[in-house]
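Peer 1: All chains, full assembly: derive it from the sequences and hints.
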Amino acid sequence: MYEFEFARPASVAEAVKALSEEDAQALGGGQTLIPTLKQRLAMPSTLVSLSGIDEMKGIHSEGGQLVIGGAMTHADVAEGAEAYPALAALAGQIGDPAVRNRGTLGGSIANNDPAACYPAAVLGSGATIVTSAREIAADDYFQGMFTTALEEGEIVTAVKFPQPEVANYQKFLQPASRFALVGVFVARFADGVRVAVTGASEEGVFRWGAAEAALATDFSADAISGLTVEADGMIGDIHGTKAYRAHLVGVMTKRAVAAAS
Amino acid sequence: MTKVSMTVNGTPMSGDVEGRTLLVSFLRDQQGLTGTHVGCDTSQCGACVVHVDGKAVKACTMLALEAEGAEVATIEGQAAADGTLNAIQAAFQEHHGLQCGFCTPGMVMSAAALLKDNPKPSEGEIRHYLEGNLCRCTGYHNIVKAIMAASGQDVSAIAAE
Ligand SMILES: Cc1cc2nc3c(=O)[nH]c(=O)nc-3n(C[C@H](O)[C@H](O)[C@H](O)COP(=O)(O)OP(=O)(O)OC[C@H]3O[C@@H](n4cnc5c(N)ncnc54)[C@H](O)[C@@H]3O)c2cc1C
Ligand code: FES
Ligand code: FES
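Top line first, the protein sequences correspond to chains Z and Y.
Take the first sequence: its letters are residues 24 to 284, numbered as in this note's numbering.
Take the second sequence: its letters are residues 432 to 592, numbered as in this note's numbering.
It should be emphasised that the hints constitute simulated quantities derived from the structure, not laboratory data.
It is possible that some hints are incorrect.
Here's a subset of chain Y near chain Z, in silico, CB distances under 10 Å, partners left out [what the hints assert, rightly or not]: (1) VAL448; (2) GLU449; (3) ASP472; (4) THR473; (5) GLY477; (6) CYS479; (7) LYS486; (8) ALA487; (9) CYS491; (10) MET493; (11) GLN509; (12) ALA510; (13) GLY537; (14) SER541; (15) GLU562; (16) GLY563.
Glycine included, each C-beta is placed from N, C-alpha and C at the ideal position.
Peer 2: Encoded structure:
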């Protein structure tokens, strides 16, 4: 790692100020950023730790939505989000226990790894990302692999999750990395169904519109039996071909629907 | 350099560190607590697991300055002052839960974290919890057996080799 200064502000306002310095970068749980720094793929002047900011912690209900602080760890969410069982279960499947004790919700969706689990829950729930500057709808937030609507120095302070009638996340584990080879989050609301897919596409997390339409009229695994996604545009690597991932999208979606209904 | 202070195995410890100093380097290089191992240095293997405020973390993937004011527990604090092994360590010895011993500090610290939350885990729960702890020698069976035994459960049904 190159040397950097370290700051641990106690409020979002102070963190925003610290991040306005040239080449300053936010530090969440460090589970992605520290390995990146070790590889010298980043050279921040200052790391601004978000771990000491109380206003980014906690889980509470507000107007029918579950609001989770951006500094909450995966273990905090696995334990504390009982009100949204599919989300708690997803958080409890990320990485391993030690990773879950450090990695945060804000860090995960700021990073937007194409194989990460949280982006599927955030997009699949139609959640709202609350930042230090504004609120962003999930549909506008994820903009392709490792790319989001966040501006330089903008901090994810919380995520507001609408609570669906039923929901489920199915993760096809890539056992070496413990990320998702393909993961599908399905959520049924009174006014429709959302299906978000992670791990599969070269564009990062995406909504599977055809499946959403079919499930809106018939919420059963059979309803999507005839549907397939194009292999073109899927990720192909040593762990699975494009066609294999495209196939898995259908399989995992059916499993998620069956487990949710 | 910034001064960092924390309590390690009940003893207050402090030192001057850089922003980039990892918790594992603070423990090993500055405090001489070399029981915590670095296997991969990429947050995969779990040899470096310690507890920070009661939670298992990979000390190779946490900055020392993030542990300011924290209660840290390492393998050195597991046995009694006179060297008597704790129940988990004794069970690892009894059930041959280690061969080269490189992964063992992390295994013992992960096991301690598991048993704190779940005093009587099933075999499946133990295997699942140890997902982030790699062992290149034992094939895991005897580690699982040792943790079952340390939690006071019958181990006769667990595969022997
Ligand atoms: C062994 C291992 C297995 C893993 N398995 C999985 C898995 O199965 N599924 C999964 O989804 N993830 C997995 N991860 C990734 C893990 O969830 C990370 O914790 C997460 O991706 C990043 O969160 P973090 O809090 O550690 O962020 P950091 O590593 O601290 O930061 C990541 C990036 O986000 C920025 N950032 C951090 N917090 C914020 C914020 N609040 N606002 C704005 N920007 C911010 C940082 O500047 C940095 O660019 C795994 C990681 C490891 C090491
Ligand atoms: S040395 Fe920390 S996980 Fe391997
Ligand atoms: S005993 Fe050698 S790595 Fe586990």
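Peer 1: Take the hints in turn and mark each one as holding or not.
Peer 2: Verification of the hints:
no.: 1; hint: VAL448; result: holds (9 Å)
no.: 2; hint: GLU449; result: holds (6 Å)
no.: 3; hint: ASP472; result: holds (7 Å)
no.: 4; hint: THR473; result: holds (6 Å)
no.: 5; hint: GLY477; result: holds (6 Å)
no.: 6; hint: CYS479; result: holds (9 Å)
no.: 7; hint: LYS486; result: holds (4 Å)
no.: 8; hint: ALA487; result: holds (5 Å)
no.: 9; hint: CYS491; result: holds (8 Å)
no.: 10; hint: MET493; result: holds (6 Å)
no.: 11; hint: GLN509; result: violated (17 Å)
no.: 12; hint: ALA510; result: violated (22 Å)
no.: 13; hint: GLY537; result: holds (9 Å)
no.: 14; hint: SER541; result: holds (7 Å)
no.: 15; hint: GLU562; result: holds (4 Å)
no.: 16; hint: GLY563; result: holds (3 Å)
Checked against the numbered hints given earlier, the structure breaks hints 11, 12 and satisfies all the rest.
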